[in-house]
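*Asks:* Please model the entire structure based on the sequences and the hints provided.
Residue numbers (this note's numbering), protein chains in the order written: chain A, 4 to 384; chain B, 4 to 384.
Worth flagging that the hints you see were computed from the coordinates, not collected in a lab.
Hints are supplied without guarantee of correctness; some may be wrong.
All copies of an identical chain are treated as equivalent in the list; a pair is satisfied when it fits inside any one copy or across any two copies.
[What the hints assert, rightly or not] Lysine-lysine pairs mimicking DSS-like chemistry, simulated, CA-CA at most 30 Å apart:
(1) 266 / 196
(2) 266 / 354
(3) 196 / 354
(4) 117 / 355
(5) 355 / 196
(6) 117 / 354
(7) 355 / 266
(8) 117 / 196
There are 2 protein chains.
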Amino acid sequence: MTAAKLPAIGCEHPMAGIARRTHARVPPYAFYEGRKQDWRFSMADEVTLVGQEAEGLAARACRGAGATEPTTRSLVAATMSAALFGPPTLGFPHLVDYLDSFRDGRISTNPQPKLNRPFAAFFVSDADRGIAQLGFDQAFDQFVETVRHFGVAIFTQTNSYTAGELGYFVRRLAAEGIVGLAATNANAMVVAKPGGPAVYSTNPLAFGFPMGDGSPPMIIDQASSATAFVNIVAAASEGRSIPAGWAVDADGNDTEDPNLALKGALLAFGGRKGANVALMVEMMSAGLSGGPWSLDTPDFRSGDVSPGVGMTVIAMMPGVDQAARIARARTQADRLAGLGVFIPGVTGTSKKEQLTIPAGVHRRIAEFAANAPAAGNMSLA
Amino acid sequence: MTAAKLPAIGCEHPMAGIARRTHARVPPYAFYEGRKQDWRFSMADEVTLVGQEAEGLAARACRGAGATEPTTRSLVAATMSAALFGPPTLGFPHLVDYLDSFRDGRISTNPQPKLNRPFAAFFVSDADRGIAQLGFDQAFDQFVETVRHFGVAIFTQTNSYTAGELGYFVRRLAAEGIVGLAATNANAMVVAKPGGPAVYSTNPLAFGFPMGDGSPPMIIDQASSATAFVNIVAAASEGRSIPAGWAVDADGNDTEDPNLALKGALLAFGGRKGANVALMVEMMSAGLSGGPWSLDTPDFRSGDVSPGVGMTVIAMMPGVDQAARIARARTQADRLAGLGVFIPGVTGTSKKEQLTIPAGVHRRIAEFAANAPAAGNMSLA
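*Replies:* See the structure below:
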């Protein structure tokens with residue numbers, strides 16, 4: 004479909020203004036648990052696209068925002084993966100953040116990632132201020148080959164835009180029958196405990212285990228924060244209090260008043276243990292890659308400076324007999340599901356035939372797409 | 004000191020009976036957060052030993068329980084490390100579980116671990132029903148050399164007794180300037196959510212990052228359960244209610260009544276996200292090693308069958324310039340500590356000159372030590 008077919012948009016959702024006012028503080032992972040409350044999903048109008056239409060639109064929008072073909076290919080693949088298999092907000096809604104960032108200079112439109120292997124199974128990528136996915140994609144075949152050869156390998160990267168859907172990286176590995184563990188960080192907005200300053204980003208951790216043919220992989224992908232910032236915005240808008248343990252006020256005190264929380268920061272999930280998970284993610288991401296600590300990372304939604312963050316992905320063979328280990332894990336996942344356990348990535352997951360995109364998001368993307376060069380000059384193949 | 008010098012013990016602590024009645028359900032990690040409430044710490048009498056005395060006592064006790072020298076060396080080292088740097092309950096108090104298990108046949112006293120490397124950086128150890136530490140120790144030098152050569156390596160093990168203090172394994176690596184991540188499991192006693200059956204053990208995860216000379220390493224080592232089972236025992240004994248979110252009753256319903264919780268199971272920490280951490284640990288431990296799932300693991304404190312569990316340790320170089328990366332991490336840890344963040348393994352940690360052991364624990368260990376062969380026949384060197 005083309006921009007000419009877009010439905011007319013008459014008004015913004017009433018929460019859009021609030022979200023814009025505060026959205027510079029909301030990293031992508033803040034949307035994870037809040038997708039139903041996300042203002043970008045709250046608009047009454049939605050646009051439905053089949054996969055190819057959505058892919059074509061995303062590609063034209065990337066080109067329209069100035070991205071060169073390697074970046075376009077990598078970002079379209081990650082966007083489609085998140086839209087089809089991950090949290091929908093990290094698909095097309097988050098693509099808008101990428102497009103804005105190409106335009107504003109927070110993401111290089113034509114980066115030249117540099118890959119080094121200081122040790123045989125230790126990859127070091129400099130993303131050259133581009134998207135995180137491009138550096139990973141350029142290393143991917145070699146990385147997978149290395150895992151198959153040595154049994155394990157580690158990919159570290161610095162100097163990229165924030166990672167988008169972190170589960171994407173381990174989902175890619177799972178498709179190769181490889182177990183993956185990934186960590187990344189961004190600008191600080193989570194306190195380690197009530198009373199303290201924000202010291203971590205929402206510090207997501209992702210883990211993927213292949214489940215074999217006929218099943219999507221097990222994909223755990225979760226922020227270390229107790230909730231999404233957007234949920235606090237929603238509570239404030241609707242006059243509801245928030246549960247203790249979600250956020251602190253500007254003085255670092257635990258609060259149940261969302262208006263005070265809006266001036267404060269998020270808490271880690273699960274108290275002290277969750278804060279330790281955030282610390283582990285910080286050390287795995289910034290500590291192992293050499294990327295900036297959350298305290299030193301520029302905001303990924305404002306300004307013209309790349310957040311330049313780090314990411315670490317550890318990839319492992321599931322054992323000597325790869326197929327047997329995967330089948331065994333699949334049997335156990337089925338057994339746990341039969342006992343009522345939610346298996347992330349598997350339970351309730353089915354491939355979508357078409358995508359439903361909030362009309363406001365679609366409109367923003369289509370505006371970028373309208374600036375794309377003529378299609379005849381481009382190929383996504 | 005010898006058994007002859009032991010103080011006379013006139014009575015058991017009133018909680019000891021309760022704890023014994025239920026202790027078959029309490030895995031070692033259940034004690035982590037409960038050390039102050041641990042019945043084995045509640046006895047009024049304590050015995051103070053300097054390091055060498057404690058080490059000698061532990062060695063004689065292992066020999067007295069029938070352990071051969073390699074097992075004795077490995078277990079004494081792990082016990083001293085936990086006693087000096089880790090949670091004290093996983094030092095000498097947990098040694099009693101090992102001694103009982105040697106006696107009862109749950110741990111082989113003379114195992115012959117077998118080590119394979121199906122891939123160059125992927126170690127597979129069969130612990131031959133011995134202690135987990137022995138298989139790790141026999142691979143350790145080769146494992147460290149491999150990490151230094153390839154940048155990363157993975158150690159998986161099956162067929163061992165439960166791992167004891169999991170932080171020990173990553174502390175060993177940190178002493179070599181290596182970053183470590185470890186996971187293990189045991190018999191099921193944690194539900195994934197209220198209403199469901201127990202499907203995971205307390206599934207601990209440990210992470211170590213070296214901090215360089217002059218500082219102990221950062222060691223995160225925590226169970227995936229919300230609290231220690233022993234805390235529920237204590238609440239029941241003292242007539243206190245327990246917070247929501249700690250445990251469920253026999254029907255799987257969330258309960259604040261510790262007496263109902265005693266018939267039920269523990270909850271994961273941090274709700275759904277903590278349950279996902281438990282699932283990740285399950286897949287890393289049993290899934291990657293091929294060891295038994297928590298649902299299939301025999302109890303480690305009763306019967307004469309080895310729990311035969313699995314463990315996985317991933318070890319990574321902290322980067323190309325090892326010393327610079329460690330120094331950078333140390334600077335950041337100091338910065339976070341200055342902002343009030345608790346850095347596990349570092350904050351408040353100082354090497355103890357002497358050890359204080361509950362008299363009841365000391366008495367049990369001394370009973371085993373009294374059975375040891377004459378010291379002249381043995382060497383721990």
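*Asks:* At most 30 Å between alpha carbons: which applies to residue 117 and residue 354, within, between, both or neither?
*Replies:* neither (34 Å within a copy, 44 Å between copies)
*Asks:* First find the shortest C-alpha distance between residue 355 and residue 266 inside one copy, then the shortest across copies, and answer within, between, both or neither for a cut-off of 30 Å.
*Replies:* neither (38 Å within a copy, 44 Å between copies)
*Asks:* Check residue 117 against residue 196 for me: Cα-Cα at most 30 Å, and say if that holds within a copy, between copies, both or neither.
*Replies:* neither (38 Å within a copy, 45 Å between copies)
*Asks:* Is it within, between, both or neither when you check residue 266 against residue 196 at 30 Å Cα-Cα?
*Replies:* Classified as within: same-chain Cα gap 16 Å, cross-chain 33 Å, threshold 30 Å.
*Asks:* How would you classify residue 196 and residue 354 at a CA-CA limit of 30 Å: within, between, both, or neither?
*Replies:* Classified as between; 27 Å across copies, 39 Å inside a copy.
*Asks:* Within a copy, between copies, both or neither: which one fits residue 355 and residue 196 at a CA-CA cutoff of 30 Å?
*Replies:* between (40 Å within a copy, 28 Å between copies)
*Asks:* For residue 117 and residue 355, with the copy left unspecified, which applies at a CA distance of at most 30 Å: within, between, both, or neither?
*Replies:* Neither. Shortest intra-copy (35 Å) and inter-copy (47 Å) distances fail the 30 Å Cα cut-off.
*Asks:* How do residue 266 and residue 354 come out at 30 Å by Cα distance, when the copy is not named: within, between, both, or neither?
*Replies:* Neither: 39 Å inside a copy, 42 Å across copies.
Of the numbered hints given earlier, the model fails hints 2, 4, 6, 7, 8; all others are met.
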